[in-house]
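S.K.: Based on the hints, put chain B in the right spot on chain A.
Protein chains: 2
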Amino acid sequence: MKIALDAMGGDHGPEELIAGALLAVERANVSVCLVGDEALLKNHLANLHPKDDVASRIQIVHASQVVEMHDHPVDAIRKKRDSSIMVAFDLHKKGEVEAVVSAGNSGATLAAGVRNLGRLAGISRPGIASIFPTLKKPVVMMDVGANVDCRAVHLYQFAIMASAFSRMFTSDKPRVGLLSNGEETGKGNILVKETYTLLQNSNLNFIGNVEGRDVFQGEVDVIVCDGFVGNICLKISEGLAEASMKMLRDEIVKSLPAKIGYLFALPAFRRFKKRVSYDEYGGAPLLGMDGIGIVSHGKSNARAIMNAILEAKQMKDLRVNERIVAGIAASTEVNGIKE
Amino acid sequence: MKIALDAMGGDHGPEELIAGALLAVERANVSVCLVGDEALLKNHLANLHPKDDVASRIQIVHASQVVEMHDHPVDAIRKKRDSSIMVAFDLHKKGEVEAVVSAGNSGATLAAGVRNLGRLAGISRPGIASIFPTLKKPVVMMDVGANVDCRAVHLYQFAIMASAFSRMFTSDKPRVGLLSNGEETGKGNILVKETYTLLQNSNLNFIGNVEGRDVFQGEVDVIVCDGFVGNICLKISEGLAEASMKMLRDEIVKSLPAKIGYLFALPAFRRFKKRVSYDEYGGAPLLGMDGIGIVSHGKSNARAIMNAILEAKQMKDLRVNERIVAGIAASTEVNGIKE
Numbered sequence: 121m122k123i124a125l126d127a128m129g130g131d132h133g134p135e136e137l138i139a140g141a142l143l144a145v146e147r148a149n150v151s152v153c154l155v156g157d158e159a160l161l162k163n164h165l166a167n168l169h170p171k172d173d174v175a176s177r178i179q180i181v182h183a184s185q186v187v188e189m190h191d192h193p194v195d196a197i198r199k200k201r202d203s204s205i206m207v208a209f210d211l212h213k214k215g216e217v218e219a220v221v222s223a224g225n226s227g228a229t230l231a232a233g234v235r236n237l238g239r240l241a242g243i244s245r246p247g248i249a250s251i252f253p254t255l256k257k258p259v260v261m262m263d264v265g266a267n268v269d270c271r272a273v274h275l276y277q278f279a280i281m282a283s284a285f286s287r288m289f290t291s292d293k294p295r296v297g298l299l300s301n302g303e304e305t306g307k308g309n310i311l312v313k314e315t316y317t318l319l320q321n322s323n324l325n326f327i328g329n330v331e332g333r334d335v336f337q338g339e340v341d342v343i344v345c346d347g348f349v350g351n352i353c354l355k356i357s358e359g360l361a362e363a364s365m366k367m368l369r370d371e372i373v374k375s376l377p378a379k380i381g382y383l384f385a386l387p388a389f390r391r392f393k394k395r396v397s398y399d400e401y402g403g404a405p406l407l408g409m410d411g412i413g414i415v416s417h418g419k420s421n422a423r424a425i426m427n428a429i430l431e432a433k434q435m436k437d438l439r440v441n442e443r444i445v446a447g448i449a450a451s452t453e454v455n456g457i458k459e
Numbered sequence: 121m122k123i124a125l126d127a128m129g130g131d132h133g134p135e136e137l138i139a140g141a142l143l144a145v146e147r148a149n150v151s152v153c154l155v156g157d158e159a160l161l162k163n164h165l166a167n168l169h170p171k172d173d174v175a176s177r178i179q180i181v182h183a184s185q186v187v188e189m190h191d192h193p194v195d196a197i198r199k200k201r202d203s204s205i206m207v208a209f210d211l212h213k214k215g216e217v218e219a220v221v222s223a224g225n226s227g228a229t230l231a232a233g234v235r236n237l238g239r240l241a242g243i244s245r246p247g248i249a250s251i252f253p254t255l256k257k258p259v260v261m262m263d264v265g266a267n268v269d270c271r272a273v274h275l276y277q278f279a280i281m282a283s284a285f286s287r288m289f290t291s292d293k294p295r296v297g298l299l300s301n302g303e304e305t306g307k308g309n310i311l312v313k314e315t316y317t318l319l320q321n322s323n324l325n326f327i328g329n330v331e332g333r334d335v336f337q338g339e340v341d342v343i344v345c346d347g348f349v350g351n352i353c354l355k356i357s358e359g360l361a362e363a364s365m366k367m368l369r370d371e372i373v374k375s376l377p378a379k380i381g382y383l384f385a386l387p388a389f390r391r392f393k394k395r396v397s398y399d400e401y402g403g404a405p406l407l408g409m410d411g412i413g414i415v416s417h418g419k420s421n422a423r424a425i426m427n428a429i430l431e432a433k434q435m436k437d438l439r440v441n442e443r444i445v446a447g448i449a450a451s452t453e454v455n456g457i458k459e
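If you're matching them up, the sequences are chains A and B in order. Sequential numbering of the first sequence, starting at 121, is according to the working numbering. Sequential numbering of the second sequence, starting at 121, is according to the working numbering.
Isolated chain A (complex conformation) (with noise of 0.2 angstroms):
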């Protein structure tokens, strides 16, 4: 499988990117193609000094442009058609690559990708969804910030493609829960109640409303909620995460034992920043379009664009596409349910 990689995108630089692209070759049966600045993919690529049977399995196509990060994302890939994230999704129209990982710009990325390939047949609105660690299995969220306003069909049908992926991590029949202020039915706002009538008549497992304080648990292997909601359970998570650690370490930092109490810790702490970083979960896949495309945080390692990749060929591998397509048309037939 070939997968092409946008490597003009992400904080680190192209070199970074370039450094997963060649862990994936070496663990996986993958090529990547690389887009971005030939010359200066090259120069990056030589530098790394991949052994030939790796080298032979990565190529390099030429894109003139960048989309930055805080470009408006439909402009942005209107005016900027050789950018190296509308070159690689013209790999993928052309059959010339299966998928496309970037770490740049997650509109933008949506965008050319529903641009060049379409949507799958009956979905109404593609999204991205997010894996998120919890105390067992990830669990799956979508929409995570591609669709701020929606219909309940809409949140039905994030149920069915996030249901589809989740099979990354469960073989049972994925268990949805729509994500409420309160686990009774008839809690929610009106779109939440809405969505729940077409979730408890769908063929779906639905176990019904999950509260925030669920995500974590991993009692639920999807949760379905619009964009708007989804973006700040991500970004608030990621924050919380993140002022935590800085405020444990000014506390660590205070005293001396607890600065050598935490060296002999350290092995433990990063067991559990392995446990929760997004660097092992690949990234988030946008669902919908008619292929396979994950956007990687900007902030990604090397480690983070393997997964990453490792992640597009899992859901080729898992026909996650297919199982898509094959809900929304057994919803249409046999509940009735459609735009």
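Quick caveat, the hints were computed from the structure, so don't treat them as lab data. Just so you know, these numbers come straight off a predicted model, no measurement behind them. A few of these clues could be false.
It does not matter which identical chain is meant; a pair holds if it fits inside one copy or across any two.
[As the list claims (entries may be wrong)] Using 25 angstroms as the maximum straight-line C-alpha spacing, the simulated SDA-like pairs for lysine to any residue come out as follows:
id, residue 1, residue 2
1, K256, D269
2, K393, L376
3, K374, T254
4, K394, G338
5, K256, K379
6, K293, R245
7, K433, S291
8, K366, I380
M.R.: This is chain B only, laid out in the frame that chain A set:
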């Protein structure tokens, strides 16, 4: 100042609550009226052996019923007229106390408060604010659960109410942020975009949109959102904090050096815990009703109850409700904004 304490709410039972009342009476110039089952409360109070000067500022008022955590708020206060929370707000209405503190059902507490005391002049929707610890000063978020479907004018009023309350933490003009899925103007769902315009044209110190990750940075004093989003923020933060601590503990107990190291670092962990614990922040103020009410977390220990009682006193001393009324009046006169 005399404050009524709903002595039947909370997960730890009346004795912990009464212990909190005793701490508050020792600490500040307040007296407390315990509301609940008279015989039971007398018994618990005697067990705690308060000194005479403390005991003289504790009074007991009988209430024969209790609103349970799972009771539907509005139904509960309609059916349980002699519940501790209804009796407590009845004392407030009669002027026998000037504030009510409860660690019970928050929806029922707000409903009982609004029913007995009414709303402040010009307020459409009273709500619940919550105090979040940050890297700097605490931030006040409103609404966190009372109003799940809101219009822009409601969020605008939350901004006025929370700004008045944030006087607890800042003497400057509080910086108001609007919770959104991006910082840039124009980001947000329909509700947020409409609210943005109102806040921009107000005389509040509006700094624009803030993201989930900004909540814990301490660069803003007030964060405005609807009660659906706010409730999820509150619970996801609690859930993540609990899950992280559990995961970290799991990793630490796996190795002896880590356990020893943890013991050395324990005082630092305790200081960290104190810094982020809701025990230290009193409780969530009910804002917009014509009186003072604080809802403490169900898990509140005596220290948290003491802080909630002191918070109620501070709300009176800082004339929070007068500030709210003045803020609403100014917004109607100067900005022409009203429901």
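S.K.: Are the CA atoms of K393 and L376 at most 25 angstroms apart within a copy, between copies, both, or neither?
M.R.: both (23 angstroms within a copy, 19 angstroms between copies)
S.K.: Is it within, between, both, or neither for K433 and S291, if the alpha carbons may be no more than 25 angstroms apart?
M.R.: Within one copy, since 17 angstroms is at most 25 angstroms while 56 angstroms is not.
S.K.: Measure nothing new, just compare the shortest in-copy and cross-copy C-alpha distances for K256 and D269 to 25 angstroms and report within, between, both or neither.
M.R.: neither (31 angstroms within a copy, 33 angstroms between copies)
S.K.: Is it within, between, both or neither when you check K374 against T254 at 25 angstroms Cα-Cα?
M.R.: between (31 angstroms within a copy, 19 angstroms between copies)
S.K.: If the cut is 25 angstroms between Cα atoms, do K366 and I380 qualify within a copy, between copies, both or neither?
M.R.: Answer is both: 18 angstroms inside a copy and 22 angstroms across each meet the 25 angstroms cutoff.
S.K.: 25 angstroms Cα cut-off: does K256 pair with K379 within a copy, between copies, both or neither?
M.R.: between (31 angstroms within a copy, 23 angstroms between copies)
S.K.: For K293 vs R245, is the C-alpha pair at or below 25 angstroms within one copy, between two copies, both, or neither?
M.R.: The answer is within: 23 angstroms in one copy meets 25 angstroms, while 42 angstroms across copies does not.
S.K.: At 25 angstroms max between alpha carbons, let me know whether K394 reaches G338 within a copy, between copies, both or neither.
M.R.: Within one copy, since 17 angstroms is at most 25 angstroms while 27 angstroms is not.
Checked against the numbered hints given earlier, the structure breaks only hint 1 and satisfies all the rest.
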